[in-house]
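Asks: The lines below spell out each chain.
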Amino acid sequence: MSELRYNPLIGEWMATATQRQDRTFLPPADFCPLCPTKPGHFPTEVPEADYDIVAFENRFPSLKTHPDIPAVEPDGIFDVRPSRGVCEVVIYTSNHNSSLARESVGKIHKLVRVWRHRFAELEALDFVKYVFIFENKGEAVGVTLHHPHGQIYAYPFVPPLIEREVTHSLEYHEKTGGCLLCDMAARETADGRRMIAENAGFAAYIPFAARYPYETHIVAKAHRQAFTDFSPDEELDLARILKQVLAAFDRIFNMSFPYIMSIHQRPSDGGDYGYYHFHIEFYPPMRTATKLKYLAGSEAGAGVYINDTLPEVKAAELRALVEPV
Amino acid sequence: MGSLSIIITAVRGKWRLADNIMKDPNQIEKEANAEMHTRRIDMGDGRYLIFFTFGDEAEGRTGETAEPNDV
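Chains A and B, in that order, are what the protein sequence lines are.
Here numbering that gives the first Met the number 0 is used: position 316 in the first sequence is 315, and no number is missing along the way.
Here numbering that gives the first Met the number 0 is used: position 12 in the second sequence is 11, and no number is missing along the way.
Take the hints with a grain of salt, since some may be wrong.
What the hints assert, rightly or not - Listed below are several chain A residues computed to face chain B (Cβ distance under 8 Å; list not exhaustive):
hint	residue
1	50
2	170
3	173
4	235
Treat the hints as calculated values from the structure; they're not laboratory data.
On a predicted model such as this, the values are computed, not experimentally measured, just so you know.
Just so you know, even glycine gets a beta-carbon here, dropped at the ideal spot from N, CA and C.
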């Protein structure tokens, strides 16, 4: 059973997905459902002996193309609707023990092209209003499968975080005629204290108001709204800077660094979002080699993040770990 | 002391090597221009799966060897 329920107090939709209670949870490597199906072994989600990149519908989705009928009726205050959407899994390596950080620039570039393909195809569905591409990496952020993979949620509404970014970008555009994130990225690049890496197409930095010690944003230098706006050179530049940032993450504590990767593109509801700007946000939960940043009272209860570190200090640390690609 | 230094250097070298096995830039450029192919199959339970392959790989094995994992 899954459905969307609306919280009128904060103006946000949430999803129930009771079937996800039974999803596969940290299986041993021999029973990984994302590995290729080897001859004589149990069938996995990928029915071939090897693959390069695959995308498929999640067996335990929060959103479905043909959703269930909601368990409750709307009553004027409590709104509910079917959880119509698409949940895909994207596996970018058949190597169970790899990670995006350990893949080559060439492989990451292929993944960028797959992201573009999936964005274009999913946003064309009439019930999809936002295509959200993301990766949860590491048990510290709650992964249930160790095999490296990303996910795509095609929502039937614009998610609240994106809506806030859209609102503030529009306000800035109406006030100045410019793009908020273009100007923020230009300021970061000129200042330099929070920069991590850059190339012709992209800048990577810890933002001025970072919520996590190693929160990192990768921002397109040219004014772009979505993957479908990128030139071939920009796609390759994105792959290069992703490799640099992810490899630097792994070098911080000499460990496979956990993170949430969140790709922010314009909504797909048919509106004009020329003022919005493509970027990728990373939320790594580590604040030291052995301590996690938890979302506690202030963060979870009031929405006010408290960062125990200075972005300028953490950026210098990361910048020193970046190597050329 | 000398042995310890060699061991530390070797361990660090292994880590760095794993991170830095980079392809020839010309090879990356060639792959960047490779045509992307898709093959969609029905998984038998109403779900779809799409295989993505690139350039010459489309005709044969599709996987790419990742860097060795020593994390």
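Asks: Taking the hints in turn, state whether each one holds.
Replies: Here is how each hint holds up against the structure:
Given hint, residue 50 of chain A at the interface with chain B, holds; its Cβ is 5 Å from that chain's nearest Cβ, closer than 8 Å. Interface hint at residue 170 of chain A: violated, since its Cβ lies 38 Å from the closest Cβ of chain B, which is beyond the 8 Å cut-off. Below 8 Å, beta-carbon pairs count as interface contacts, and residue 173 of chain A has none with chain B, the closest being about 38 Å; its hint is therefore violated. The criterion of a C-beta within 8 Å of any C-beta in chain B is met by residue 235 of chain A, whose closest approach is roughly 5 Å, and the hint holds.
The structure fails to meet hints 2 and 3 from the earlier list, while all remaining hints are met.
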